[in-house]
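The listed protein sequences correspond, in order, to chains A and B. Taking the working numbering as reference, the numbering of the first sequence is continuous, increasing by one, and the terminal residue is 116. Taking the working numbering as reference, the numbering of the second sequence is continuous, increasing by one, and the terminal residue is 110.
It cannot be assumed that every hint is accurate.
The calculated label-pair distances, taken between Cβ atoms and stated as ranges, are [unchecked claim]:
#1 B/Thr72 to A/Gln42: 21 to 27 Å
#2 A/Thr116 to B/Gln16: 23 to 29 Å
#3 A/Asp65 to B/Glu109: 46 to 52 Å
To spell it out: a stretch of chain A is covered by chain B in this simulated footprint if at least three of its residues, at any positions, have a beta carbon under 8 Å from a beta carbon of chain B; those stretches are [as the list claims (entries may be wrong)]:
#4 63-73
#5 76-85
Since the hints were made in silico from the structure, they are not lab data. Beta carbons are placed, not taken as given, at the ideal position from N, Cα and C, and that holds for glycine.
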Amino acid sequence: GAVVSQHPSWVICKSGTSVKIECRSLDFQATTMFWYRQFPKQSLMLMATSNEGSKATYEQGVEKDKFLINHASLTLSTLTVTSAHPEDSSFYICSARGGQGAYEQYFGPGTRLTVT
Amino acid sequence: LAKTTQPISMDSYEGQEVNITCSHNNIATNDYITWYQQFPSQGPRFIIQGYKTKVTNEVASLFIPADRKSSTLSLPRVSLSDTAVYYCLVLEGGGNKLTFGTGTQLKVEL
């Protein structure tokens, strides 16, 4: 149980275009989902926290207009990288947490974004 | 935020027990200690979580002393496939944000 999926697993896009990444909790309802970014040889950096039905909370330094997060249901959150540039190339990972009392976070497999 | 400190890297050999210690001096009363494993180009995988004393599951044990200012992840009889980065995190009360530190790169050799 507690499986989180991401789609796509990798994507290549041209500079200036937008890319949407989906994160789904497959066998549980995720009240809270998180989006991380990881550059090569570095640790995960939390970008934003999203709760179902409400606006996402972004970490300091993360542009909310560039990284649009939507958590429309208890099983789906999306991250849209708008007007992508080569410096946005990174490994994007989502995680999901269940209902009250559930302290574990389950991570998706990640999405490799390459902007050319 | 409860910051964690752990060794940057460790080396071991197959069949040995590996202990990775993490310090979290300003852990709060409601915080839990959680360990994740990450392979290259994959999302982190939950290993174990604990609050105090000892927790054991099918893959690891977690030892937490009474003052909870540190914790030790114990991996029994490691194999080559255990080569990965191991992150120690403090899950703050309410189970919300996870702050990842540098992690420990464990390398297991024959």
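Evaluated hints:
Take B/Thr72 and A/Gln42: their Cβ atoms lie about 25 Å apart, and the range 21 to 27 Å holds. Look at A/Thr116 against B/Gln16: about 44 Å separates their beta carbons, and that is not inside 23 to 29 Å. For the pair A/Asp65 and B/Glu109, the supplied restraint of 46 to 52 Å holds, since their beta-carbon distance comes to about 48 Å. Using a Cβ-Cβ cut-off of 8 Å, 0 residues of the stretch 63-73 of chain A lie near chain B, which falls short of the minimum of three, so the contact claim is violated.
For the stretch 76-85 of chain A, the assignment as covered by chain B is violated, since 0 residues bring a beta-carbon within under 8 Å of that chain's beta-carbons and 3 are needed.
The structure fails to meet hints 2, 4 and 5 from the earlier list, while all remaining hints are met.
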